[in-house]
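Student: The lines below spell out each chain.
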Amino acid sequence: DTEVTQTPKHLVMGMTNKKSLKCEQHMGHRAMYWYKQKAKKPPELMFVYSYEKLSINESVPSRFSPECPNSSLLNLHLHALQPEDSALYLCASSPHPTGRAEVYGYTFGSGTRLTVV
Amino acid sequence: ELKVEQNPLFLSMQEGKNYTIYCNYSTTSDRLYWYRQDPGKSLESLFVLLSNGAVKQEGRLMASLDTKARLSTLHITAAVHDLSATYFCAVGGGSEKLVFGKGMKLTVNP
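So the protein lines, in turn, are chains S and R.
Heads up: the first sequence begins at 83 in the numbering used here, then just goes up one per residue.
Heads up: the second sequence begins at 156 in the numbering used here, then just goes up one per residue.
Where hints are given, some of them may not hold.
Straight-line alpha carbon distances no greater than 20 Å define the calculated EDC-like cross-link-like pairs of lysine to aspartate or glutamate that follow [unchecked claim]:
id, chain 1, residue 1, chain 2, residue 2
1, R, Lys260, R, Glu160
2, S, Lys100, S, Asp167
3, R, Lys252, S, Glu166
4, S, Lys118, R, Glu251
5, S, Lys118, R, Asp193
6, S, Lys91, S, Glu106
7, S, Lys123, R, Glu160
8, R, Lys257, R, Asp193
9, R, Lys158, S, Asp167
10, S, Lys122, R, Glu213
11, S, Lys100, S, Glu134
12, R, Lys211, R, Glu251
13, R, Lys252, S, Glu140
14, R, Lys260, S, Glu126
15, S, Lys123, R, Glu199
16, R, Lys252, R, Asp185
17, S, Lys91, R, Glu160
18, S, Lys123, R, Asp193
19, S, Lys122, R, Glu160
20, R, Lys196, R, Asp237
21, S, Lys91, R, Asp193
22, R, Lys196, S, Glu149
23, S, Lys135, R, Glu251
24, S, Lys120, R, Glu213
25, S, Lys120, R, Glu199
26, R, Lys257, S, Glu126
27, R, Lys196, S, Glu134
28, R, Lys172, R, Glu213
29, R, Lys257, R, Glu156
30, R, Lys252, S, Glu126
31, R, Lys158, S, Glu126
32, S, Lys122, R, Asp193
33, S, Lys118, R, Glu199
34, S, Lys120, R, Glu160
35, R, Lys252, S, Glu134
36, R, Lys196, S, Glu85
37, R, Lys196, S, Asp167
From the derived model, a few chain S residues whose C-beta atoms are all more than 10 Å from chain R [as the list claims (entries may be wrong)]:
id, residue
38, Pro125
39, Glu126
40, Ser154
Calculated from the structure, these hints are not laboratory results.
Heads up, the beta-carbon is just placed ideally off N, CA and C, and yes, glycines get one too.
From just these sequences and the hints, can you work out the full model?
Tutor: Laid out in structure tokens, this is it:
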């Protein structure tokens, strides 16, 4: 299995809703990432988990709450989002935060397209 | 702060033509990646460049890295319509961060 699987593929939510995005990989990768990509813009890093611990939070608003229950799974919990949070949310993984991560690069999931109404 | 610049940001070219696109970055890094993204889709890894002078080729695309000049190039040979997409370069910015350029939207016309 060489994929990063994200669910759902599409999500429409109201500003008072609570929802979660899910990301799963079974490649034994020990670093997992959340990126946000607005239309016609490059991806922007949100969070990094290394060995299931949060290592980077790029000053993301608290209405986004990441969780890494185990080495294969990464969640992004959403609450009280704003319409400007509508974007493509990409999950990625790499074998190791440093070292051989460079050799294999990063594997991206297909993304969740989120619309906040 | 690491900054990554791509140029051009938009390119329209005819099938069969060649072209080179550029990716500059502002601070020392030993990791550079090229990705392709089709509209509404995720990022597809094209190349991982790890050392000065690295050159990699896949089909009609060839990427190179000059770490001293902090420059990577992506050369397109005999373009075909299927190459139409947005191409991002990304640079390793510290142990875990990946900083992307703005992307270059390529349109190959028949």
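Student: Against the structure shown, which of the earlier numbered hints fail to hold, in ascending order?
Tutor: Failing hints, ascending: 3, 9, 10, 11, 12, 17, 22, 24, 27, 38, 39.
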